[in-house]
Amino acid sequence: MKTAHEIRPGNVIMLNGSPWVVQKTETTRSGRNAAIVKMKLKNVLLDSTTETTFKGEDKMEDIILERLDCTYSYFADPMYVFMDAEYNQYDVESGNLGDAAAYITDGMEEICQVTFYEGKAISVELPTTIVREVTYTEPSARGDTSGKVMKPATIAGGATLSVADFIKTGEMIEIDPRTGEFKKRA
Amino acid sequence: MSTEIANQHWDIFCEVVDNYGDIGVTWRLAKQLVKEYQIDINLWVDDLKSFSHILPGLKPDQATQTFDHVTIHQWNVPLDINFVPGAVLIEAFACELPEQVKSQLIALQQSPDDTPPLWLNLEYLSAENWVEGCHGLPSMQASGIKKYFYFPGFTPKTGGLICENELLEQRTAWQSDPANKLALFSQLGLSGIDVQDKVISVFSYETLALSALCQQWQESSQKIHALIPKGRSLNSLTHLLPCSVEALTPGQQIVINNLTLHILPMTDQPSFDRLLWSCDFNIVRGEDSFLRAQWAAKPFIWHIYPQEDDYHLVKLEAFISLYCDNLAPEIAKYWTELNLAFNQEQQSAVNLHWQNLDSVNLPLLQHAQKWPIFALNDADLATRLVQFVKNS
Numbered sequence: 029m030k031t032a033h034e035i036r037p038g039n040v041i042m043l044n045g046s047p048w049v050v051q052k053t054e055t056t057r058s059g060r061n062a063a064i065v066k067m068k069l070k071n072v073l074l075d076s077t078t079e080t081t082f083k084g085e086d087k088m089e090d091i092i093l094e095r096l097d098c099t100y101s102y103f104a105d106p107m108y109v110f111m112d113a114e115y116n117q118y119d120v121e122s123g124n125l126g127d128a129a130a131y132i133t134d135g136m137e138e139i140c141q142v143t144f145y146e147g148k149a150i151s152v153e154l155p156t157t158i159v160r161e162v163t164y165t166e167p168s169a170r171g172d173t174s175g176k177v178m179k180p181a182t183i184a185g186g187a188t189l190s191v192a193d194f195i196k197t198g199e200m201i202e203i204d205p206r207t208g209e210f211k212k213r214a
Numbered sequence: 232m233s234t235e236i237a238n239q240h241w242d243i244f245c246e247v248v249d250n251y252g253d254i255g256v257t258w259r260l261a262k263q264l265v266k267e268y269q270i271d272i273n274l275w276v277d278d279l280k281s282f283s284h285i286l287p288g289l290k291p292d293q294a295t296q297t298f299d300h301v302t303i304h305q306w307n308v309p310l311d312i313n314f315v316p317g318a319v320l321i322e323a324f325a326c327e328l329p330e331q332v333k334s335q336l337i338a339l340q341q342s343p344d345d346t347p348p349l350w351l352n353l354e355y356l357s358a359e360n361w362v363e364g365c366h367g368l369p370s371m372q373a374s375g376i377k378k379y380f381y382f383p384g385f386t387p388k389t390g391g392l393i394c395e396n397e398l399l400e401q402r403t404a405w406q407s408d409p410a411n412k413l414a415l416f417s418q419l420g421l422s423g424i425d426v427q428d429k430v431i432s433v434f435s436y437e438t439l440a441l442s443a444l445c446q447q448w449q450e451s452s453q454k455i456h457a458l459i460p461k462g463r464s465l466n467s468l469t470h471l472l473p474c475s476v477e478a479l480t481p482g483q484q485i486v487i488n489n490l491t492l493h494i495l496p497m498t499d500q501p502s503f504d505r506l507l508w509s510c511d512f513n514i515v516r517g518e519d520s521f522l523r524a525q526w527a528a529k530p531f532i533w534h535i536y537p538q539e540d541d542y543h544l545v546k547l548e549a550f551i552s553l554y555c556d557n558l559a560p561e562i563a564k565y566w567t568e569l570n571l572a573f574n575q576e577q578q579s580a581v582n583l584h585w586q587n588l589d590s591v592n593l594p595l596l597q598h599a600q601k602w603p604i605f606a607l608n609d610a611d612l613a614t615r616l617v618q619f620v621k622n623s
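Just so you know, the sequences run in chain order A and B.
Under the numbering used here, the first residue of the first sequence is numbered 29, with each subsequent residue one higher.
Under the numbering used here, the first residue of the second sequence is numbered 232, with each subsequent residue one higher.
One or more of the hints may lead you astray.
As the list claims (entries may be wrong) - Below, a list of computed lysine-lysine pairs in the DSBU-like style, where the Cα atoms sit at most 35 Å apart:
1) Lys66/A - Lys212/A
2) Lys52/A - Lys333/B
3) Lys68/A - Lys280/B
4) Lys621/B - Lys66/A
5) Lys212/A - Lys52/A
6) Lys52/A - Lys280/B
7) Lys66/A - Lys262/B
8) Lys290/B - Lys280/B
9) Lys333/B - Lys377/B
10) Lys333/B - Lys87/A
11) Lys66/A - Lys290/B
12) Lys52/A - Lys388/B
13) Lys68/A - Lys388/B
14) Lys66/A - Lys148/A
15) Lys30/A - Lys388/B
16) Lys564/B - Lys621/B
FYI, nobody ran anything at the bench for these hints, they're computed from the structure.
All chains, please: the whole structure from these sequences, using the hints.
Below, the structure is given as C-alpha cells:
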C-alpha cells in the first residue's frame with residue numbers, strides 16, 4: 029500500500045476492482061499542512077480516463093506488475109516504442125504516458141521502466157533524474173544569483189518548468205520528471 | 232448497528248482541532264441548512280467542551296441535544312450513538328469518519344436495494360487557483376463508493392463562502408446607528424468607550440507583530456481600545472498585563488497611555504458578528520473569523536494559520552491578489568504590506584505599514600463595503616452545496 033502522496037505518474041493502482049495507470053499527479057496543500065492530491069487516471073481495462081482527488085494520507089493498492097528496463101526507441105503516432113536489452117520492442121500508447129511524454133526525446137539514453145498488465149505494455153516510469161537541454165528561457169533578471177529566484181523555461185521535449193534564475197538557454201539541467209522539478213545545473 | 236435509511240437528513244462530522252475554527256464553520260453551516268433549506272441536520276462533534284465556548288447553552292456531558300433545530304451528537308470513538316444514514320454525509324475538513332459509519336456505507340453500497348448517502352469532504356477555504364480544478368471532483372474509494380471533495384472559495388467555479396441569507400442587510404442596519412455598538416460594548420461589560428474612539432478587535436495567534444502594534448497604539452493621538460478575548464493573542468502581550476493571562480477576568484481593563492486593552496468575554500456567534508460590525512478594525516485568524524471580518528465590511532488583518540515552509544504565505548498572497556484586484560494601487564500596497572508584515576512578525580515593518588494604512592482609511596473602508604458582494608458571486612456556500620447535492 030502507498031499513500032496518495034507517494035503515488036507517481038506511471039504507477040498502477042487498484043481502485044474499485046480495476047487497475048488504473050496514474051498519468052498525472054498534482055499535490056497541493058490544504059489547511060493545517062494536509063496534502064490534497066489530484067490525479068489523472070486511465071483505466072487499463074476500459075481505456076477511459078478520469079480526474080480524481082484524494083487526501084494525501086489516503087492509502088491505495090499500488091499493484092506490483094511485471095516491469096522491464098527499456099530505452100526509448102521512436103514514436104509511431106500514437107505509440108511510443110521502447111526496447112529492452114534483448115531488442116524486443118514494446119508499444120505504449122501516448123495517452124498512458126501522461127505528463128511524462130513531455131520528457132521523451134529522440135536519442136534519450138535514460139533507462140525507463142515499462143510496466144505490463146496481462147502481457148500488454150501499459151505505462152512507463154522515467155528515472156527520478158533526467159538531464160535535458162534548456163531550449164528557451166528569458167535572460168536572468170537579477171544577474172548570476174544563487175538564490176531561490178525562479179523563472180519559466182522550456183526544455184528539449186517540450187516540457188515547461190521553473191528553473192533557477194541563473195540558468196541560460198542552451199544549458200543542460202537535471203530534472204525530476206515525476207514532479208517536473210528543477211534540481212540543478214548538470 | 233442498523234443500516235436502515237430513515238429519512239433525508241444530513242450528517243456533518245466535525246473534529247475540533249483548535250477550539251473554534253472547525254466547529255465555528257460547521258455550526259454556522261448546520262444552522263443555515265436547517266433555517267434556509269429546512270434540512271434536518273445531525274452535527275457530530277468530538278469535543279463538546281470547546282463547542283460550548285461558542286454555544287454557551289450546550290452541555291458538554293450530554294450525548295445528544297438540540298439547538299436552533301440542529302441535533303448535536305457527541306462523537307465518541309468508537310461511536311456509541313446509533314448512526315442512521317441519511318441523504319448526505321459530510322466529513323468536515325478531511326476528518327476521518329468512524330469505522331462503524333464507513334462499514335455502513337460499504338454495506339449500503341453492496342446492497343442492491345439501497346443507496347449510500349452522498350459523501351462529501353468539506354475542505355478548508357483557500358483563494359488559490361488550484362481550488363477550482365479540485366472542487367467537486369470525486370475521490371474514488373477502494374470500496375467503490377465515491378466521495379466528493381467540496382472546496383469553499385471565492386470564484387464561481389468553487390463551492391462558495393458561508394454567508395447567511397439576511398446577514399449583510401442585518402449588518403448594514405446595525406452599522407447605520409452608532410448607538411448599537413455602544414449598547415453592545417455595554418452589554419459585553421466594556422466600559423469607557425466613546426463613539427469617536429477607535430475600537431479594534433483582536434483574535435489572533437501569538438505574534439510579536441501584535442506586541443509592536445500595541446506599543447504604537449499606546450502613543451496614538453486618538454484613544455484606541457483593543458478588545459481581546461482570553462486566549463492566544465494575550466500570550467503575546469504578557470509584558471503589558473498586571474497578572475497572568477489565566478487570572479484576567481472578562482471586562483477587565485488595562486490602560487496604557489492612550490491604549491486600553493479590554494478583556495472580552497466569550498460570545499456566541501451572533502454576538503461575535505455584531506462585535507466585528509461594531510469595531511473600526513478587526514484582526515482575525517483562521518477561517519471562520521476571517522470570513523466574518525469580510526462580511527463586517529471593515530478593514531482587517533488576517534492572521535492566517537501557520538503552515539510548514541511558510542506555505543500559509545502563499546495562501547495569504549492568493550487572497551490578497553483577489554481582495555486587492557479592484558483596490559487603488561497605493562491602498563492595495565499598504566494593505567498587502569501590513570498583512571504580510573503581521574504574518575511574518577516583522578515588528579518595525581508592521582508599525583510603518585499600519586501608519587500608512589491609517590492614512591487611507593476611508594477608501595479602504597469603502598472597498599471593504601463593496602467586497603462582500605463581489606466575493607459572494609451571487610451564491611453562498613449553503614446554496615451551492617444544496618445545488619451540488621441535487622445535481623450529483
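Original post:
Under the criterion that the straight-line Cα-Cα distance not exceed 35 Å, is the pair Lys52/A, Lys388/B satisfied?
Top reply: Measuring from Cα to Cα gives roughly 22 Å; hence the hint holds.
Subject >> Holds or violated: Lys66/A to Lys262/B, with C-alpha atoms at most 35 Å apart >> reply: Holds, at roughly 31 Å.
Subject >> Hinted pair Lys621/B and Lys66/A, Cα distance within 35 Å >> reply: 24 Å, holds
Original post:
Holds or violated: Lys68/A with Lys388/B, Cα cutoff 35 Å?
Top reply: Status holds; Cα separation ~19 Å.
Subject >> Given pair status - Lys52/A, Lys212/A, alpha carbons within 35 Å >> reply: 23 Å, holds
Original post:
Has the given pair, Lys290/B with Lys280/B, been kept, meaning a C-alpha gap of at most 35 Å?
Top reply: 8 Å, holds
Original post:
Quick one, are Lys30/A and Lys388/B close enough, alpha carbons at most 35 Å?
Top reply: 31 Å, holds
**OP:** Assess, step by step, whether the Cα of Lys564/B is no farther than 35 Å from the Cα of Lys621/B, and give holds or violated.
**Re:** 42 Å, violated
Original post:
When you check the alpha-carbon spacing of Lys66/A and Lys148/A, does it fall within 35 Å?
Top reply: 26 Å, holds
Original post:
Has the given pair, Lys52/A with Lys333/B, been kept, meaning a C-alpha gap of at most 35 Å?
Top reply: Distance of about 28 Å is within 35 Å: holds.
Subject >> Hinted pair Lys333/B and Lys377/B, Cα distance within 35 Å >> reply: 12 Å, holds
Original post:
For the pair supplied as a hint, Lys66/A and Lys212/A, is the alpha-carbon distance within the 35 Å limit?
Top reply: 27 Å, holds
Checked against the numbered hints given earlier, this structure breaks hints 3, 6, 11 and 16; the rest are met.
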